[in-house]
Amino acid sequence: MNRKVFILVLLALFTLELLGPVQDWFVQPFTQGLATVSAWLVQLFDSSATSEGIVIRSLENGAAVAIQPGCNGIEAMICLTAAVLAYPSTWYERGIGLIAGYVAIQVMNLIRIISLFYLLQWNETWFEWFHLYVWQALIFLDVLIVFVLWIRWLPSRKQGDTDSDNDNTDTGVAHA
Amino acid sequence: MHEAQLRQMLENEQAEPDISAKQFLLKTLLWLPVCFIGWYLLAALFSFPAIRLSDLLLPLIMPGVMEGVEQQGYMVDIITQLNIQASNGQIGQFAFGMNALKYGYGFPLILAMMLATPYSFYNKLDDMTYGLIVVVLAQTWGIMFEALSSLMLKTGTDITNQVTNILPWTQSDFFLNFVALGYQLGFLILPAVVPIAFWIMRHKGLLERLARQ
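Residue numbers (this note's numbering), protein chains in the order written: chain A, 1 to 176; chain B, 1 to 213.
The following block holds chain B by itself, in its conformation from the complex (with noise of 0.2 Å):
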């Protein structure tokens, strides 16, 4: 066999699988609602990474102040070592909820975009790895400057006050602005922006054969 024809069917073999752009957008646009519905029904399993970072961080991060979080689904509960006095008079600890799930929702959209790619199997799978890794990451840091902002900026002086109390440098205006920061960070940008940076980043060699097909 001729050197020609044994480097062709080399290449052949190594040779990616071609989608064109028409054909992975449809493949992700159909892709997309059964991965949100698969990603809703087992949302208490994805967002448990996520919650259980934010309790080991936040003690470490408040100590005195964050006892830790709790997870009820999809909701988490962020419990305080900090006191509230309720209009009857009763005085409790302080806790507040707030929904994991509005920081992950670039997981679906990963998973959609992954399952349209013309990978491997095993492929896909490293893809799902990854993603799943930097989605916990953004949705960790949601839910961590969600509650550091509820705490510090939402909750009013009788609770801040009780925070300084036990951290005074938390009433510095560095941590104000970088928690308010952080939150908008975390909220508007790292939710949506991460599943497509994470893709165009990992697939820029599919980027340009759908830009070419």
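Okay, chain A solo, but in the shape it has when bound (with noise of 0.2 Å):
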């Protein structure tokens, strides 16, 4: 892994994500489709839920979570982004790599945000553990999860191991 890429794409994605027109044209209506989805799984089983924005609420108790910057699990995908783009690998793998990490990144963020709504209708401390601490380390645990099984998966790594094991060599990863 080159340790300088994944610093230089982590420092460009970030900056690049804190602009103006990125969060107007992007993170925005990104964070905005989230809620919407998250709101409609709730609907399936609590038809006490609705959304409005970026607000899901209780019809029943009035308890609202508002999903804002930082809930949407960009920087996880951007953790990702650096990491595989880091990777020896060619670019059809790390299409691959990069589609299924986010999809399980916000498969992980729609859990995150549907266990918080019902949190704080139960316990308010609890809601506040989880959603400043918990949650966040998980997510960018599933980062790392999500990327050893990306490395493991890579047909060209596979490859270059075999291909080391027969040259005798102790080479591992093929490169792109």
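It is possible that some hints are incorrect.
As the list claims (entries may be wrong) - DSS-like cross-link-like pairs, simulated, lysine-lysine; straight-line CA separation at most 27 Å:
1. B:Lys124 to B:Lys22
2. B:Lys27 to B:Lys124
3. B:Lys27 to B:Lys102
4. B:Lys154 to A:Lys4
5. A:Lys4 to B:Lys204
6. B:Lys204 to B:Lys22
The hints are simulated quantities; they were obtained by calculation from the structure and are not laboratory data.
These two chains come separately, so use the hints to put the complex back together.
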């Protein structure tokens, strides 16, 4: 893995994410879409839930969660992107890794949003704990899991391992 | 003894213990709640270095505005030299509080991953020390930029005017944008990314072995 590429991509994408036009054209619509999907999922089994913009609200007790920047999983997706781009592989493999990884991160994020919505209704202290600390850590652990699974899957890596076994060398990884 | 046998023995001695990806993740998930509870119980202790650093740096960056930073458990009180008028007309010193832990939750994650790695006690201690250093730096960044953004962007014109009277350079657009970006970086990005980036960069070899198992 190329550490320089990892850090450079990380910095470049985070800077990009914070720019006004990127916020207006990508981050905010994406966050709103996430809120809509979360609300739709909740409404499948809970008719007392409703959504408005980035807010999911319970009609039963008025409890509401707003999906703010930082709750949308974009930072985790950026971290995964940097790791995948910094790892020696083909562009096809990187594409597969990123698509599958983004889906895994957002599935986890939807579970996070829905669980927080119900945690808030149950106990505010636990909600704060999970919101501020636990779920943040778990989402990024998810990034690490996805990354390890992707490396395990890499066809070019397996090919590289086979080649290296045959050559009796220890290069390990095939480079793109 | 043959040279090949000796080499093999040497390699076996030097070989790092292996762990499968499944074992590593399972161990990390098992250690995570333990580390979170330990971290929360010792929150005041773990927050101390970052709060102390902020106490040293903030008055240096904003002399005449920032008086200091005080620790109340894991909560932080930012004490300024500015005045604020209460609704009953009384004038007092402006101070505000924040939660330092929301910038430091990367440490239990680093700790859990470190405890799950199949390394010696000394290597783990090494990891823990460097991990603590990077988390403290990220936490200091978070505390400082929350303090600056509260002062410059959230508290209203009365406070901001006092700051710009003392330090005229703080009214520049460049500084205000820098504070806004620094706050977003410190709140959204650093606390979560630092532990994973730290672990990935420090354990490149283990990452390869996890993938191979």
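Cross-check of the supplied hints:
no., hint, result
1, B:Lys124 to B:Lys22, "holds (20 Å)"
2, B:Lys27 to B:Lys124, "holds (15 Å)"
3, B:Lys27 to B:Lys102, "holds (24 Å)"
4, B:Lys154 to A:Lys4, "violated (36 Å)"
5, A:Lys4 to B:Lys204, "holds (13 Å)"
6, B:Lys204 to B:Lys22, "holds (17 Å)"
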